[in-house]
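Chains as they are written, first to last, in the numbering used here: chain A, 21 to 318; chain B, 39 to 314.
Read the hints as simulated data drawn from the structure, not as lab findings.
Predicted model only: the values in this text are computed from it and were never measured.
Watch out, some of these pointers could steer you wrong.
Unchecked claim - In silico DSS-like cross-links for lysine-lysine, where the CA-CA straight-line distance does not exceed 30 Å:
(1) B:K173 <-> A:K75
(2) B:K42 <-> A:K31
(3) A:K312 <-> B:K145
(4) B:K43 <-> A:K218
(5) B:K232 <-> A:K31
(6) B:K169 <-> B:K303
(7) A:K64 <-> B:K143
(8) B:K42 <-> A:K226
(9) B:K145 <-> A:K31
(10) B:K143 <-> B:K232
(11) A:K88 <-> B:K169
(12) B:K143 <-> A:K312
(13) B:K113 <-> B:K80
(14) B:K43 <-> A:K226
(15) B:K42 <-> A:K218
(16) B:K169 <-> B:K113
What the hints assert, rightly or not - Partial list, computed: chain A residues near chain B (C-beta under 8 Å):
(17) S151
(18) L152
(19) A307
All residues carry an ideal CB built from backbone N, CA and C; glycine is no exception.
Residues per chain, in single letters:
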Amino acid sequence: MKKQGKSVTAKQERAGWMFLIPATILIFIMSFYPIIQALLTSFKTGSSANMQWAKPLTYNYTRMFSDKLFMRSVTNTFLYLIIQVPIMLILAILLAQLLNNRDLKFRGLFRTCVFLPCATALVSYSLIFKSLFATQGLINSILQGLHLTSTNINFLGTAWTAKMVIIIALIWRWTGYNMVFYLAGLQGIEYSVYEAAKIDGANGWKTFWHITVPLLRPTIIMTFIMSINGTLQLFDESVNLTAGGPANSTITMSHYIYNNSFGQGVANFGYASAMSFFVFILVAILAIINLKVGDTRD
Amino acid sequence: MTEKKNRSMIQRRLIPSYIFLTIVSFISVFPLYWMVTAATNKSVDVARGKIFFGNYLMENWQRLNQLQDLGGAMKNSFIYAIVQTVLALFICSLAGYGFELYHDKQKDLLFSILLLAMMVPGVATMIPLFKIMVKLGFLNTVWGFMLPGISTPFLIMMFRQNSRNFPIDIMEAARIDGLGEVQIFFQMYLPVMKATYAAAAVITFMNAWNAYLWPRVIMTDQKAQTMPMLIANLAAGYTIDYGVLMLGVLFCSIPTMVIFFILQKQFTEGITGAVK
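Hey, can you work out the whole structure from these sequences and the hints?
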């Protein structure tokens, strides 16, 4: 790098900045400016055409915390987060560990199969699962065929089973995606480390917890942040798999915010902005905690 | 002899792994297989649990085209996704290249500022962005669709990380040969970074093709609707025709699947570079 530093001329210096300008301007206009706007709008009330400062300014925020439906959407989102993310990530690391074994045959085939769900659109897989778990659907046919149940279970019409279906669907869709990152991370680890562990007599679980997990820590933190970020913004599944139902028992934060801004004929931009800024704060806090946790042992 | 014995012992110890991986693979693939078979069956048969191919494909196809403008939505989705992918790759690779190969303190600082945009969720920016797009007259246009998605911190970071493998000596040599900075990017950097571009293309195309929340906000006209919006409409009624719905879902999934299969290797390589 030093050599390059010396030879950097003014022309090169200018070119360097030129390369960054389009991306930088776009991020400022499409991310930073809107988030500031969202904060400002969150202190206003009224319809989208003539908005006024709310009296008191915090009106939308007080409303938000006393809005039972919004609070339910927060609880739902966190329920998905707490149950789904750990199961999915552990499963993904486990699969990556198994697939990283050079003695294993058909590794490519297994990898492709496990990754395949990621090639489907979120709306697509939501509808596939909606159809599979319909009252008149395949899952019910199978359960009855095996004589496990005698009547059709209304999976999507019962609050807790509807939540379970969303969680199962999420795990199905995203495990392979995370696995690819872990596989990539594992390939960065010298294979000889594993050979050595094997010679030392470490079994599968020991190598998993004492070698794989610690060495994959940066990747785990990255996937953790991505998953939290994604789960906090769940929308497609809530809209298409369960339509938030039954009786809003599976609705997510994004879905509720959408309903208050663009859906159902109401355009309550002030209130929706307050809720969306709350989501932003959550995402930011969790990301910072993650980065801090990730830093400690370095 | 011992070598052979050893190998068969290793394979025997891997039996649980094989069983586990087979089960997981089956669960991963089955819903997709079922989607394909359902598209060829009558709705009642799908509901009854038929899991083999039927002969109702033509009827489903005709019904799908009666209900929705499939050709129009496919065309829209392709245009939006391709334009977004091409522009995103260009803008983000330029930035990643600039941040890594011309890096100094100010640029590193700017990079960490841009990374903060990763924390900004789409749902928080959708109302202000909607207002911006209305003002610019970009509702129902490809501009409105792709502008928020062509400069992402993730892609910039990916190109920046992968640029570390780009040999600086080539740049020096090119400069001595009299190539300008922009020429170096196009003639030296672009060809060397093919794998990264492939991975970035897969990720961006899939994201653009699969996008749902933002298109639903920005595409108010039925004529501008995307494939995910179309299939969501198919499922919105009280009585769902599962055969027709799954045929729609199949059409929505084919492009991303094809791209995934073609570029799978490059994709994995690109990710590997990003993780390092």
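Inset, instruction - State the violated hints by number, sorted upward, taking the hints as numbered earlier in the document. - result: Of the numbered hints given earlier, those the structure breaks are 2, 6 and 7, listed in rising order.
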